[in-house]
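Using the sequences and the hints given, assemble the complete structure.
Taken in order, these protein sequences are the chains called A and B.
Take numbering that gives the first Met the number 0: the final residue in the first sequence is number 512, and no numbers are missing along the way.
Take numbering that gives the first Met the number 0: the final residue in the second sequence is number 232, and no numbers are missing along the way.
The hints are simulated quantities; they were obtained by calculation from the structure and are not laboratory data.
Check each hint, because a few of them may be wrong.
No farther apart than 25 Å at their CA atoms in a straight line, the calculated lysine to any residue pairs in the SDA-like style are these [said to hold, decoys possible]:
#1 B:K105 with A:K296
#2 A:K470 with A:P435
#3 A:K97 with A:N225
#4 A:K278 with A:L62
#5 B:K211 with A:D156
#6 B:K196 with A:R506
#7 B:K196 with A:E493
#8 A:K189 with A:P84
#9 B:K138 with A:F70
#10 A:K129 with B:E195
#11 A:K335 with B:E195
#12 A:K335 with B:K147
#13 B:K105 with A:H226
#14 A:K296 with B:A207
#15 A:K129 with B:E166
#16 A:K508 with B:D192
#17 A:K508 with B:G225
#18 B:K169 with A:A512
#19 A:K68 with B:N133
#20 A:K189 with B:K211
#21 A:K278 with A:F70
#22 A:K296 with B:D9
#23 A:K189 with A:D156
#24 B:K105 with A:D491
#25 B:K147 with A:F509
#26 B:K121 with B:Q25
#27 B:K105 with A:R206
#28 A:K296 with B:K169
#29 A:K508 with B:T221
#30 A:K508 with B:I98
#31 A:K296 with A:P254
#32 A:K335 with B:F66
#33 A:K335 with B:K138
#34 B:K211 with A:K129
#35 B:K105 with A:P84
#36 A:K296 with B:G14
#37 B:K196 with A:L62
#38 A:K189 with B:G14
#39 A:K335 with B:D192
Listed below, chain by chain, are the residues.
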Amino acid sequence: MTTDLRWSGLLQQMSPTLTVLSKDQKHILINAAFEILERAGNRVGSKEALELCRQAGCRIEPLDDEGEKVFFPQALIEQCLRSAPKRLILYNRRGEPKLYCEGRNSYFSPTSACPKMWDPYTGVRRPWAKADIGNASRITDYLPELDAMFALGSLADDYGFDCFVHEVHAMMTNTSKPIIYLSNEVADTKAICEMAAVVAGGWDRLRERPFILQYDEVLSPLKHKNHAFDKFVYLAGEGLPIRYGAFTMSGASSPVTLPGAAAQSLAEALVGLIVCQLKRPGVPYVMAILPGIMDLKYGILSSGAAEYHLFHAIFTELVHELGLPVMATAGITDSKMLDAQAGAETLWSYLCAAMVGCHLNIGAGSLESHLIGSFEHLVLSNECIGAVRRFMRGAPIDDRTLAMDTIQEVADGLPNRIFVDRQHTMDNYLREQWQPDVFNRNNFQVWTEKGQKQTHQACNIKVRWILENHKPEALPDATLQKLEEIATAATDPETLAVSKTVKAQRRRKFRAA
Amino acid sequence: MTINYAELADAIVKGEQQTATTLVQQAVDEAKAAGKDETVNAKEVLNLGLIGGMDIISDLWAQEKIFIPEVLISARVMHGCMGILRPILEASNEPPRGIVVIGTVKGDLHDIGQNIVTMMLKGNGFEVHNIGPNSSPEKFLAKARETKANIIGLSALLTTTMPMQRETIKFLEREGYLENAAVMVGGAPVTADWAEKIDADGYAPDAAHAVKLAKQLVDDLTEERGGEQKSNY
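Spelled out as structure tokens, the structure:
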């Protein structure tokens, strides 16, 4: 009966999908965002960005030393939405297309700027060194389910505001995967793009096949950093992709209720889109969010909250409705260690992100809500994403998967015949069943014989194995030398000197409350 | 009729501005009419009523029975009542519990955390001057000198701006301001070991601890000066 339909191509196939808003609800929120842009006003400080807005007919009111209040007319918003590309392809270092940010595709990468890390060898929580960013990149390079690299740690203690060039330097030389990067202002952004152009084989090649993506955040509520928009004007001028959106804390920097928080966050991300499209219509732009929840008991940003995943899904659906590339943070835990809480929060987050179809999800490797970097969490993330991706493949139905012939075969051999030794099983089990790497399925005796390793120990062993065995594809010596020169030139020797002097002139007893 | 301090404390706890203000104004008016020492009376209203209420709030928060919004609303009510008491206490040259200059360091535009700490400190009797985000070491010093602050609060949210906390401390030290003032630092990425490394005098991981720390630092400074009497104002 169904066979005819299967062969006629009329069969509709399903994969798991998460929808949290109706079409009507999406349009209410999108219109609310437009209203925020038109009537509430956003503070913009960048002179170039303000000039672009002025020329485009925005109403501008004076606000304070840091900027002016800009009101965007509906027609302008719509014009910019039309000129923004509806998809973004990120390439790897070799120029091969890797991340198709379109449709319901989901990709995953580490987060960035964790101030501390767990040392995988000593178990000590300590600051980052440049070699650690290189190691995080090598681990990400190795792990198949991590699709792009983001620095994971911060080198600010050693390099001050020059740290971003060094973070990119460490990433670029230790992984060929696409790179997401932070930067401070136009000068270091230029240095980073120059490095990328060296690796790509020229600026035109980089523009054509971008493997780096700029990351910056809104200063919620409704404020936009001068440096960020100066950078965007530069990058848009160069035609290089930008990712921008709110680092929101629902309850502190946006309403405690998610619809209001989502409408505000959407409006904030659209301000960046408008500025970039005004500078250069058609420049690739990714709408983004860090859908944080302000825990009002402790006053911290929670990334493991139930509302976080709902917020992530709402925002993603709104951007899908606008038909633009979307990026959000996911896979982050509030836990300080790789424990049960970390496992639960991580998997749930990745599952929601994939089911709602958010294109780019950053967060692997982070504990304590972005405050501690953990190489073991990269491995745990790889495991969770692997499982989620299997789940997302769903159960397509055809003659092969329905296996009617094999069922008949077993029936013919009853009572003793089973499926384990059938050819169909042999031919299909590897593609059908996902195999865990660090999650343990042994029975108690075997698990005991193998040392009763718990997940965090298995992840640590894997981390050490990767660090000791994985050699990422090396760049040519001439390229390496050029990158080294750019990184060195972008470093203020005074900052380096300052960071090395640790003086101890206690005036009085140190107090830690 | 004399003021019922339990009633005033209760108004603070419940966040009822109008009730609290009315009770405080009544107490002030009655003391004046009765020829009572206005300063002594104001101190009594402050300690038994306002601080009494905030102490209950602090306990409830410590027990995790209430959340930050309740604490901030009570702090706002307490601060509102201080508007009535402050002129009286100032006229008598009664020094406040502590004078705080707080801000986010230069290069850092995030101010939500320090705004919460500001409200908490104000709600606990500190005189707080919030100079906002992106504040240079010079701006901290100028405001501290102008207000005779004994506590400087430096906030940073970014790993890149944490070193500016160190630069600001160095600057204040070079200018000789830290002989009689203490520096406290905070912000999401800031840790106790970082604070100690950059020669801050204290570190608090959140707003509740920041209040405790500020009280502790004031006590330390008082002790350094030879242990004058502690004030709640």
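Do the hints match the structure? See the list:
1. Our distance criterion of 25 Å between C-alpha atoms is broken by B:K105 and A:K296, whose separation comes to about 29 Å.
2. Between A:K470 and A:P435 the CA atoms are separated by roughly 23 Å; this keeps the pair inside 25 Å, and the hint holds.
3. For the proposed pair A:K97 and A:N225, the alpha carbon gap of about 32 Å is over 25 Å, so the pair is violated.
4. Restraint check for A:K278 and A:L62: satisfied, since their Cα atoms lie roughly 23 Å apart, inside the 25 Å limit.
5. Among the hinted pairs, B:K211 with A:D156 is inconsistent with the structure: their alpha-carbon atoms are about 28 Å apart, more than 25 Å.
6. With a C-alpha separation of about 13 Å, the suggested pair B:K196 and A:R506 falls inside the 25 Å cut-off, and the hint holds.
7. This hinted pair checks out: B:K196 and A:E493 have alpha carbons roughly 19 Å apart, not beyond 25 Å.
8. Proximity of A:K189 to A:P84 is assessed by CA-CA distance (about 23 Å); at most 25 Å being required, the pair is judged to hold.
9. For the proposed pair B:K138 and A:F70, the alpha carbon gap of about 32 Å is over 25 Å, so the pair is violated.
10. At most 25 Å may separate the alpha-carbon atoms for a hinted pair to count; A:K129 and B:E195 meet this at roughly 23 Å.
11. Taken as a hint, the A:K335 and B:E195 pair is honoured in the structure, with Cα atoms around 22 Å apart against an allowance of 25 Å.
12. Simply put, A:K335 and B:K147 have alpha-carbon atoms about 40 Å apart, too far for the 25 Å limit, and the pair is violated.
13. For the proposed pair B:K105 and A:H226, the alpha carbon gap of about 14 Å is at most 25 Å, so the pair holds.
14. Simply put, A:K296 and B:A207 have alpha-carbon atoms about 10 Å apart, close enough for the 25 Å limit, and the pair holds.
15. Distance hint between A:K129 and B:E166 is fulfilled; the C-alpha atoms sit about 23 Å from each other, no more than 25 Å.
16. Distance hint between A:K508 and B:D192 is fulfilled; the C-alpha atoms sit about 14 Å from each other, no more than 25 Å.
17. A C-alpha spacing of about 16 Å is found between A:K508 and B:G225, which places the hinted pair at or below 25 Å, so the restraint holds.
18. Proposed proximity of B:K169 and A:A512 is supported: the alpha carbons are some 22 Å apart, at most 25 Å.
19. Of the pairs offered as hints, the one joining A:K68 and B:N133 holds, with about 19 Å between alpha carbons and a cut-off of 25 Å not exceeded.
20. The hinted pair formed by A:K189 and B:K211 fails the criterion: a straight-line CA distance of about 45 Å is larger than 25 Å.
21. Pair hint A:K278 plus A:F70 holds up; C-alpha atoms about 17 Å apart against a cutoff of 25 Å.
22. Of the supplied pair hints, the one linking A:K296 and B:D9 holds, its CA atoms being roughly 21 Å apart against a limit of 25 Å.
23. Only pairs whose Cα atoms come within 25 Å are accepted, and A:K189 paired with A:D156 is accepted, the gap being roughly 22 Å.
24. Using a Cα cut-off of 25 Å, the hinted pair B:K105 and A:D491 holds, with the two alpha carbons roughly 18 Å apart.
25. Taking the CA atoms of B:K147 and A:F509, the gap is about 22 Å. The hint holds against a cut of 25 Å.
26. Of the pairs offered as hints, the one joining B:K121 and B:Q25 holds, with about 22 Å between alpha carbons and a cut-off of 25 Å not exceeded.
27. For a cut-off of 25 Å, the pair hint linking B:K105 to A:R206 is broken: about 34 Å separates their Cα positions.
28. Restraint check for A:K296 and B:K169: not satisfied, since their Cα atoms lie roughly 34 Å apart, outside the 25 Å limit.
29. A distance of roughly 13 Å separates the Cα atoms of A:K508 and B:T221; the hinted pair therefore holds under the 25 Å criterion.
30. The suggested pairing of A:K508 with B:I98 holds, with an alpha-carbon distance near 20 Å, which does not exceed 25 Å.
31. With a CA separation close to 16 Å, the supplied pair A:K296 and A:P254 stays within the 25 Å bound.
32. For the suggested pair A:K335 and B:F66, the alpha carbons sit about 22 Å apart, so the restraint of at most 25 Å is met.
33. About 36 Å separates the Cα atoms of A:K335 and B:K138, which puts this hinted pair outside 25 Å; it is violated.
34. Proximity of B:K211 to A:K129 is assessed by CA-CA distance (about 37 Å); at most 25 Å being required, the pair is judged violated.
35. As the CA atoms of B:K105 and A:P84 are separated by approximately 37 Å, the hinted pair breaks the 25 Å bound.
36. With a CA separation close to 17 Å, the supplied pair A:K296 and B:G14 stays within the 25 Å bound.
37. For the suggested pair B:K196 and A:L62, the alpha carbons sit about 38 Å apart, so the restraint of at most 25 Å is broken.
38. This hinted pair does not check out: A:K189 and B:G14 have alpha carbons roughly 52 Å apart, beyond 25 Å.
39. Straight-line distance between C-alpha atoms of A:K335 and B:D192 comes to about 17 Å, which keeps the hinted pair within the 25 Å bound.
Comparing the model with each earlier hint shows violations of hints 1, 3, 5, 9, 12, 20, 27, 28, 33, 34, 35, 37 and 38; every other hint is respected.
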